Amino acid sequence: MADPGILGSTLPAADAVRERLSGPHGPRPKRALSGTNIMLYGTLLIVAMYYLLPLYVMLVTSVKGMPEIRLGNVFSPPMEITFQPWVKAWAEACTGINCDGLSRGFWNSVRILIPSVILSIAIASVNGYALSMWKFRGSELFFTILILGAFIPYQVMLYPIVIMLREAGLYGSLTGLVLVHVVFGMPINTLLFRNYFAAIPSELFKAARVDGAGFWGIYFRIVMPMSLPIFVVALIIQVTGIWNDFLFGVTYISSPERYPMTVQLNNIVNSVQGVKEYNVNMAATLLTGLVPLVIYFASGRLFVRGIAAGAVKG
Amino acid sequence: MHSVEIRNLDLSFGGLGVLKNLNLDIREGEFLVLLGSSGCGKSTLLNCIAGLLEVTNGQIFINGRNVTWAEPSERGIGMVFQSYALYPQMTVEGNLSFGLRNARMPKAEIEKRVTRAAEILQIEPLLKRKPAALSGGQRQRVAIGRALVRDVDVFLFDEPLSNLDAKLRADLRVELKQLHSRLGNTMIYVTHDQIEAMTLADRIAIMRGGVIEQLTSPDEIYNRPVNKYVADFVGSPSMNFMEGVIDGGIFRVGEARIPLDRYRASGRGDMSGPAWIGVRPEHVVTGDAAEGAAYAAEVPVELVEPMGSDTLVWTTFEGSRFRLRMDGQSQVRKGDRMRIGLALEQSSLFDSASEVRL
Chain A
1 MADPGILGST LPAADAVRER LSGPHGPRPK RALSGTNIML YGTLLIVAMY YLLPLYVMLV
61 TSVKGMPEIR LGNVFSPPME ITFQPWVKAW AEACTGINCD GLSRGFWNSV RILIPSVILS
121 IAIASVNGYA LSMWKFRGSE LFFTILILGA FIPYQVMLYP IVIMLREAGL YGSLTGLVLV
181 HVVFGMPINT LLFRNYFAAI PSELFKAARV DGAGFWGIYF RIVMPMSLPI FVVALIIQVT
241 GIWNDFLFGV TYISSPERYP MTVQLNNIVN SVQGVKEYNV NMAATLLTGL VPLVIYFASG
301 RLFVRGIAAG AVKG
Chain B
1 MHSVEIRNLD LSFGGLGVLK NLNLDIREGE FLVLLGSSGC GKSTLLNCIA GLLEVTNGQI
61 FINGRNVTWA EPSERGIGMV FQSYALYPQM TVEGNLSFGL RNARMPKAEI EKRVTRAAEI
121 LQIEPLLKRK PAALSGGQRQ RVAIGRALVR DVDVFLFDEP LSNLDAKLRA DLRVELKQLH
181 SRLGNTMIYV THDQIEAMTL ADRIAIMRGG VIEQLTSPDE IYNRPVNKYV ADFVGSPSMN
241 FMEGVIDGGI FRVGEARIPL DRYRASGRGD MSGPAWIGVR PEHVVTGDAA EGAAYAAEVP
301 VELVEPMGSD TLVWTTFEGS RFRLRMDGQS QVRKGDRMRI GLALEQSSLF DSASEVRL
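Chains as they are written, first to last, in full-length UniProt numbering: chain A, 1 to 314; chain B, 1 to 358.
Next up, chain A with everything else stripped away, as it sits in the complex (with noise of 0.2 Å):
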């Protein structure tokens, strides 16, 4: 119990501060240009710099014509523009025998990435709900190892892949490598799954449960409505990562009419005959960057909200 007479010498003390409180307040007002604000700012700058300048070279000579590109001045703006490099990164560039440019691979790489994307968030998303809402005898142990292959070097696996892959008729098939994304995709996307789960009070579970509520009704009413921002981690996490594959796109596929977009690519910039077209190299590459790029601007502000709500509850 607090003794009277501190009480009462704390009062005037109290009143002192709201008189203070009531006069003119808020942040203190800054200086613009203090030495502080330059050295914050010019390292922002140069950092951007860092980082924006090789985008312009690359968008500059993707509209540059050959000629210009020739004379050497890879920072100068084009004097003439042209789009004629962007078609043929399209629709004529050729890799091997056909001359149909990026456009296949870009097919190659949506229909391998729509069925691994969906695939892999559905079963991750159910693994991870599992593993934390209807923990079974073992479930922890099955987690470990799950979350193992998250560790093992892919290169180990590549060749063994191969032979399963071969054996089950897969081989070659955009279908093979369907699967090979989906099972990769699995350990991280269920960590993620799992851990934003697991912050779902346990007692919204179990009134779900009394209110008759079964595994999946549970998972498509009360759990999903909940964690669209994880689906959103999950999508940009897998979009990006099946869509930049390169390894298993040219470890699985067998024949250059199913090479996916990073494939195609580097045939075609790493072509030997003849002239090094850099504009079109240019092209190709920023239009394999675009969906990954695409998806980030779009969905950008609720993967920071998704990450962050991990970090916190996690």
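It is worth saying that the hints were derived from the structure and are not from the lab.
This one's a predicted model, so the numbers in the text were calculated from it and none came from an experiment.
Quick reminder that beta carbons are idealized off the backbone N, C-alpha and C, glycines included.
The reader is advised that the hints may include incorrect statements.
[Stated by the list, open to error] Between beta-carbon pairs, the in silico distance windows are:
no., chain 1, residue 1, chain 2, residue 2, range
1, A, Phe136, B, Pro306, 35 to 41 Å
2, A, Phe142, B, Ser12, 47 to 53 Å
3, A, Glu140, B, Asp171, 41 to 47 Å
4, B, Lys167, A, Leu141, 44 to 50 Å
5, A, Ile147, B, Ala132, 30 to 36 Å
6, A, Tyr51, B, Asp165, 50 to 56 Å
7, A, Lys135, B, Glu318, 51 to 57 Å
[Claimed, not checked] Short, incomplete list of chain B residues facing chain A, as computed with Cβ under 7 Å:
no., residue
8, Leu52
9, Trp69
10, Ser73
11, Met79
12, Phe98
13, Ala103
[Unchecked claim] Counterexamples of contact, computed for chain A against chain B with all Cβ distances above 12 Å:
no., residue
14, Phe83
15, Ile161
16, Leu165
17, Ser202
18, Val210
With chain A's structure known, arrange chain B on it following the hints.
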């Protein structure tokens, strides 16, 4: 007929026994409170009744039906949780009707039940809101409503008021009691708050280490605790204890000789040998009344805690800390000496070894 029967219930987590051979009969329409400190197994028992935990051994009957292996939704129970556990993405109406929609009930019937529950709990204006837009008290009303719409015989409450502030808790406590008398359902209520237990319960079960120590009316628990643990656990400020020896109808502690002829022995143990005497602070009388008590003594006042309605006085009696409760008007001061008397009629004696009430 019994509403809920629990037969020889065992539950262990990896060899660690949480509930041990527990038996419990709950009458129809009874308000039973499971009271105990944290880790005593009270919430675990409630989860077993709800079907949210699989029991290791034993059986559970609700309304005469063996539900030991039934799903929670098939047991005829409604449950209210400490954290409210409202579905955040649904409106209040959606929360209330979720269970009914799962049971594929006709729309008109759902509407009728939701309206009735909302009316009972006075949450009609909130039906279209999301839980995030509700206050703590409103959320807990919705949670109660979710149990209400199920139209079940048994309500389970898992510390429903613990997350609310003191004033709101007192208000909702009264409302719960009114709700019980209006509906007449069986209610099983888990809490660690003895005020809630004393005010709400028809019977209280005091639990410790997975075992029910005493199961009886609040009055009996308070005035005739079955052992020293129960005596110490219930009551705030808690009971005064002194260890001494019973010898020929006299309790000897230090220099004091307390005659036991007014003590109402339970007949359970031998009235001799080492024992504890327990006296609640309000059963220590002062002033003129002290002279009429079974035993009186003079003690120094060491600390005075005025609490408004009454005053708590700390003193030392035969080497033990002793608290006594006086009315709020008393003018006792630190350093005074005062006469106190022990009301043996309302005191408790416990065997030193077994700690059982004598």
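Evaluated hints:
1. The beta-carbon spacing between A:Phe136 and B:Pro306, approximately 58 Å, falls outside the hinted interval of 35 to 41 Å.
2. In this structure the supplied range 47 to 53 Å is violated for A:Phe142 paired with B:Ser12, their Cβ-Cβ distance being about 23 Å.
3. Here the CB-CB span from A:Glu140 to B:Asp171 is close to 43 Å, well matched to the stated 41 to 47 Å.
4. Judged by the Cβ atoms, the range 44 to 50 Å given for B:Lys167 and A:Leu141 holds: they are separated by roughly 49 Å.
5. For A:Ile147 and B:Ala132, the Cβ-Cβ distance of about 34 Å falls inside the hinted range of 30 to 36 Å, so the restraint holds.
6. A C-beta distance of roughly 52 Å is found between A:Tyr51 and B:Asp165, which places it inside the suggested range of 50 to 56 Å.
7. A C-beta distance of roughly 55 Å is found between A:Lys135 and B:Glu318, which places it inside the suggested range of 51 to 57 Å.
8. Interface hint at B:Leu52: satisfied, since its Cβ lies 5 Å from the closest Cβ of chain A, which is below the 7 Å cut-off.
9. Interface restraint check: B:Trp69 against chain A, minimum CB-CB distance 14 Å, threshold 7 Å, status violated.
10. At its closest, the beta carbon of B:Ser73 sits 3 Å from a beta carbon of chain A; the interface hint therefore holds under the 7 Å criterion.
11. Interface hint status for B:Met79: upheld, as the beta-carbon distance to the closest one in chain A is roughly 5 Å, under 7 Å.
12. Proximity of B:Phe98 to chain A holds as hinted, the smallest CB-CB distance being about 5 Å (cut-off 7 Å).
13. Proximity of B:Ala103 to chain A holds as hinted, the smallest CB-CB distance being about 6 Å (cut-off 7 Å).
14. A:Phe83, annotated as away from the interface, keeps every beta carbon of chain B farther than 12 Å; the closest lies near 47 Å.
15. Chain B leaves A:Ile161 outside its interface by the beta-carbon criterion, the shortest separation being 38 Å against a cut-off of 12 Å.
16. Here A:Leu165 stays apart from chain B, with its beta-carbon at least about 41 Å from theirs, past the 12 Å limit.
17. Not every C-beta of chain B lies more than 12 Å from that of A:Ser202, the closest at about 9 Å, which undercuts listing it as non-interface.
18. Separation of A:Val210 from chain B is inadequate, the least Cβ-Cβ distance of about 5 Å not exceeding the 12 Å criterion.
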